[in-house]
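**Student:** Spelled out from the first residue to the last, the chains are:
2 protein chains.
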Amino acid sequence: MRFSNWMIGITGALAAMMGAAAAADKPLPPFSIASQGSFFLGGRDIQSNTLSTRANSGGTVTVDQVYVRYQIPAKAGKRHPITFIHGCCLTGKTWESTPDGRMGWDEFFLRQGHPVYVLDQAGRGRSATDPTNINAVKLGQAPVEKLPQVSFASHEGAWTLFRFGATNGETNPGLQFPLEAQAEFWKQMVPDWIGALPTPNPTVPALSDLATRLKGTVLVSHSQSGLYPFLAAARSTDGIAGIVAIEPANCPAPADSMAPYVKFPILVLFGDFVAQSPVWSTKLKECSAFRDAANAAGGKVEVVALPDVGFHGNSHMLMEDRNSLDIARWLAKWIDGHIG
Amino acid sequence: MRFSNWMIGITGALAAMMGAAAAADKPLPPFSIASQGSFFLGGRDIQSNTLSTRANSGGTVTVDQVYVRYQIPAKAGKRHPITFIHGCCLTGKTWESTPDGRMGWDEFFLRQGHPVYVLDQAGRGRSATDPTNINAVKLGQAPVEKLPQVSFASHEGAWTLFRFGATNGETNPGLQFPLEAQAEFWKQMVPDWIGALPTPNPTVPALSDLATRLKGTVLVSHSQSGLYPFLAAARSTDGIAGIVAIEPANCPAPADSMAPYVKFPILVLFGDFVAQSPVWSTKLKECSAFRDAANAAGGKVEVVALPDVGFHGNSHMLMEDRNSLDIARWLAKWIDGHIG
Numbered sequence: 001m002r003f004s005n006w007m008i009g010i011t012g013a014l015a016a017m018m019g020a021a022a023a024a025d026k027p028l029p030p031f032s033i034a035s036q037g038s039f040f041l042g043g044r045d046i047q048s049n050t051l052s053t054r055a056n057s058g059g060t061v062t063v064d065q066v067y068v069r070y071q072i073p074a075k076a077g078k079r080h081p082i083t084f085i086h087g088c089c090l091t092g093k094t095w096e097s098t099p100d101g102r103m104g105w106d107e108f109f110l111r112q113g114h115p116v117y118v119l120d121q122a123g124r125g126r127s128a129t130d131p132t133n134i135n136a137v138k139l140g141q142a143p144v145e146k147l148p149q150v151s152f153a154s155h156e157g158a159w160t161l162f163r164f165g166a167t168n169g170e171t172n173p174g175l176q177f178p179l180e181a182q183a184e185f186w187k188q189m190v191p192d193w194i195g196a197l198p199t200p201n202p203t204v205p206a207l208s209d210l211a212t213r214l215k216g217t218v219l220v221s222h223s224q225s226g227l228y229p230f231l232a233a234a235r236s237t238d239g240i241a242g243i244v245a246i247e248p249a250n251c252p253a254p255a256d257s258m259a260p261y262v263k264f265p266i267l268v269l270f271g272d273f274v275a276q277s278p279v280w281s282t283k284l285k286e287c288s289a290f291r292d293a294a295n296a297a298g299g300k301v302e303v304v305a306l307p308d309v310g311f312h313g314n315s316h317m318l319m320e321d322r323n324s325l326d327i328a329r330w331l332a333k334w335i336d337g338h339i340g
Numbered sequence: 001m002r003f004s005n006w007m008i009g010i011t012g013a014l015a016a017m018m019g020a021a022a023a024a025d026k027p028l029p030p031f032s033i034a035s036q037g038s039f040f041l042g043g044r045d046i047q048s049n050t051l052s053t054r055a056n057s058g059g060t061v062t063v064d065q066v067y068v069r070y071q072i073p074a075k076a077g078k079r080h081p082i083t084f085i086h087g088c089c090l091t092g093k094t095w096e097s098t099p100d101g102r103m104g105w106d107e108f109f110l111r112q113g114h115p116v117y118v119l120d121q122a123g124r125g126r127s128a129t130d131p132t133n134i135n136a137v138k139l140g141q142a143p144v145e146k147l148p149q150v151s152f153a154s155h156e157g158a159w160t161l162f163r164f165g166a167t168n169g170e171t172n173p174g175l176q177f178p179l180e181a182q183a184e185f186w187k188q189m190v191p192d193w194i195g196a197l198p199t200p201n202p203t204v205p206a207l208s209d210l211a212t213r214l215k216g217t218v219l220v221s222h223s224q225s226g227l228y229p230f231l232a233a234a235r236s237t238d239g240i241a242g243i244v245a246i247e248p249a250n251c252p253a254p255a256d257s258m259a260p261y262v263k264f265p266i267l268v269l270f271g272d273f274v275a276q277s278p279v280w281s282t283k284l285k286e287c288s289a290f291r292d293a294a295n296a297a298g299g300k301v302e303v304v305a306l307p308d309v310g311f312h313g314n315s316h317m318l319m320e321d322r323n324s325l326d327i328a329r330w331l332a333k334w335i336d337g338h339i340g
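So the sequences go chain by chain: A and B. Going by my numbering, 97 is the number at position 97 of the first sequence; the sequence numbering is gapless. Going by my numbering, 1 is the number at position 1 of the second sequence; the sequence numbering is gapless.
A couple of the hints might just be wrong.
[Unchecked claim] For lysine-lysine, the following DSS-like pairs were computed, each having C-alpha atoms within a straight-line distance of at most 30 Å: (1) B:K75 <-> B:K146; (2) A:K285 <-> A:K300; (3) A:K75 <-> B:K78; (4) B:K75 <-> A:K75; (5) A:K215 <-> A:K300; (6) B:K300 <-> B:K285; (7) B:K78 <-> A:K78; (8) A:K75 <-> A:K146; (9) A:K300 <-> A:K333; (10) A:K146 <-> B:K146; (11) A:K285 <-> A:K263; (12) B:K300 <-> B:K333.
Please keep in mind that the hints were generated in silico from the structure rather than gathered at the bench.
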């Protein structure tokens, strides 16, 4: 029995459902880690007189750094390190165990022999935000316009944007997202400070930095972070072995220089129910136009919708859907076949 | 050679120092994990019309949940799970690899056979904050007084409070903190929303919930979180096998009922340079008074200053000091001997 079966639910009903879900899991053997840990990329020191609203609360703090947790399997072989970058209103938790307690993609790819790196975007999760303007306004030292842009996605908005259903509360037919653990999923969501960050988003140079160090990593983005690996590649393709963009919010524009994007294989992956979503059907079209431009310039870009390769019912959070590990298996094979 | 040697520094000088530090590490064999993952404790849904400053940005969000990452060793044996709770202005990163890239206490205790649980306190790290009042003020719908209390500890303030030195920039003689990686340590610090959280701090019931599920865990706190395990025990001692309070900001008052604190072994641990610190020498005195009261009521409370058991030069961040693993070894033995 997986440990995960009892750690989720609080109510008896939920616990019972989780127990059933866990019992259906195949028990997995232990796996061996050569090393693990965490570190930061980037970051800069700033001075402020409003680190809090107390008197004499001036000094130096560090902001814009990017937290990275990594694990290196004992049998790493020659598989590329995989770098996971989460999307809007979420953190690196996206890639860890699912809301219903199944294995996350971080562990799946680790067990496949890939070193795994999981980021918290700048200003999210364990990557510090800059609250100094909140305190300056509270102290009357700055106008309210100086308050940072901090957005929190609502359950209702996420329901349709993540394609759990076409309208709030309705469920897409055959949906693979584990709705019985929906309350656990909502807890993954955090406020998004992206509008308060400098340009370029510090996550982009952090990706460049990490790729250079890893000497060949596959950058796997999701949603909001979709363009970041491409922006990193436009800075330098050094150390980027490939890009997997899962339902990217943006692909590079076809009119952009394609030079950086022809140097390694690229996969853009979409789930199900895309045609019914005005937002995501537009993204799919834009990414298809990018594919055509990149491939005309000699690139190796594929755009895949999961139903076309036999997976049905997938939401925007396909790495947490019930068939997430089947998709992961397919993706691992794609990476082996295309990136090596 | 440990992987950690190259992941820290950006400058050549720092990289060189790290290389030297890593070379001095003993290489460790791989270790085997039975299962790992993450989940949340607690959390409540709130409604707001100011989830962002855009029009129609109302809806439901979840706040006050507590993120927990866990790892279960393949050879867990009968050792108690250990729950690590970080202190002020920090996250669960505290217990992961050190600023100079050495093994963190999370991995050390895992390798000793303890299941390990690492929390991000409510409103910190991967545990969501509530930004709705920021947006309400920005939109002119609430007065600036409604802005949340968000404090960011300065490098300068932390330098003395964490006892790197008696005054800013000065270094305590024989200090064990790896100052050559100081820039990496500053990146661990994040804004603290504790003043914006409800009472009791949601981390406290989360600890109770976790202890009940784990049926016998050692709660290891640090600094700001020092009182939380005691507050959890005052709610219910169910599932609490022991408490290790590392330099707690508070111990229970001697006048409080000692009934919850006589049911399991308790260790209060301090580093070096305490006598020279007005803040920490006061805490040590308060905790000693608590010990006397608890033991008079039949408790098993020890207060230990590391120099008295042979460790010298330790800062407030003793789990990241150069001799952190020697201290961890001593602590593991204390836990084995006193809690079993």
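**Student:** What are the numbers of the hints that this structure violates, sorted from low to high?
**Tutor:** 1, 7, 8
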